[in-house]
Amino acid sequence: MELSNRQQQIIEIVKENGPITGENIAEQLNLTRATLRPDLAILTMAGFLDARPRVGYFYTGKTGTELLTEKIKSFKVQEYQSVPIVVKEDASVYDAVSTMFLEDVGTLFVVDGSSCLTGVLSRKDLLRASIGKQDLNDIPVHIIMTRMPNITICYREDLMIDAAKKMIDKQIDGLPVVKETEKGLEIVGRITKTTITKAFVELITDDQV
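Here full-length UniProt numbering is used: position 123 in the sequence shown is 123, and no number is missing along the way.
There may be inaccurate statements among the hints.
In silico lysine-lysine, DSS-like type, Cα no more than 30 Å apart, as pairs [stated by the list, open to error]:
| # | residue 1 | residue 2 |
| --- | --- | --- |
| 1 | K165 | K183 |
| 2 | K165 | K76 |
| 3 | K88 | K166 |
| 4 | K165 | K124 |
| 5 | K73 | K165 |
| 6 | K15 | K88 |
| 7 | K179 | K76 |
| 8 | K193 | K165 |
| 9 | K88 | K71 |
| 10 | K166 | K183 |
| 11 | K179 | K166 |
| 12 | K71 | K179 |
| 13 | K165 | K71 |
Here are the in silico distance ranges between beta carbons for each label pair [to be verified]:
| # | residue 1 | residue 2 | range |
| --- | --- | --- | --- |
| 14 | K71 | P38 | 43 to 53 Å |
| 15 | I72 | L127 | 28 to 38 Å |
| 16 | I72 | K179 | 17 to 27 Å |
| 17 | M45 | S114 | 35 to 45 Å |
| 18 | F58 | R147 | 51 to 61 Å |
| 19 | E2 | K124 | 38 to 48 Å |
| 20 | N24 | E202 | 33 to 43 Å |
| 21 | T32 | F58 | 49 to 59 Å |
In short, the hints are calculated from the structure, not lab data.
We treat Cβ as the ideally placed atom computed from N, Cα and C, and that holds for glycine.
Turn these sequences into a full structure, and let the hints steer you where they fit.
Structure (structure tokens):
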């Protein structure tokens, strides 16, 4: 976040004199309290300052980088998950290839009749199955998919940073977001490297506005 000269002055005043009231800050800058109010609100919301009723403002001691890191660490999967692209267990490899192409995704999630996760299909899985002279319409996806418990999953309440670490560690492009039910792990969303990249880019962009 790029601070204005006045906002930087406010931080220095609070550093040296905090806790200090808004009226006292305004006096030192020869401004009215009303003029100063938007700057104080921005600095407080951004985390540079904190405020206590009947006490005043004080400096949190955190840099912009530290505040940005804290914000990133607070992101949860449920805030950014997208709609999962799924195929049924009895779908053919041909259908899976078509779905992957039409949806422009790198991973498909395989579900049973209860929409519960049973497998994952990657581009590599489909490519391997396509090599040879077999009719792809005759090969069901459950033959070539990766099955539980060899599937890396995440939950809506998980932190985005933890989901990102899982993808890096496992060298995979996406994770199914699931919730536990009596019938199994119901798939409710997906998180991909692209999703995480977009979230971080939006954060940086918004932080610089």
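Verification of the hints:
1. K165 - K183: Cα-Cα ~28 Å, so holds.
2. K165 - K76: The given pair, whose Cα atoms are some 13 Å apart, holds under the 30 Å limit.
3. K88 - K166: 25 Å, holds
4. K165 - K124: Roughly 21 Å between the alpha carbons, so the hint for K165 and K124 holds.
5. K73 - K165: 12 Å, holds
6. K15 - K88: 60 Å, violated
7. K179 - K76: 15 Å, holds
8. K193 - K165: 10 Å, holds
9. K88 - K71: Roughly 38 Å between the alpha carbons, so the hint for K88 and K71 is violated.
10. K166 - K183: 25 Å, holds
11. K179 - K166: 18 Å, holds
12. K71 - K179: Distance ~25 Å between K71 and K179 Cα, so the pair holds.
13. K165 - K71: 17 Å, holds
14. K71 - P38: 43 to 53 Å: 21 Å, violated
15. I72 - L127: 28 to 38 Å: 34 Å, holds
16. I72 - K179: 17 to 27 Å: Once the Cβ atoms are compared, 24 Å apart, the range 17 to 27 Å for K179 and I72 holds.
17. M45 - S114: 35 to 45 Å: Holds - the Cβ-Cβ distance for M45 and S114, about 44 Å, lies within 35 to 45 Å.
18. F58 - R147: 51 to 61 Å: Holds, since F58 and R147 (Cβ atoms, about 55 Å apart) stay within the stated range.
19. E2 - K124: 38 to 48 Å: 43 Å, holds
20. N24 - E202: 33 to 43 Å: Given about 37 Å between the Cβ atoms, the range holds.
21. T32 - F58: 49 to 59 Å: 22 Å, violated
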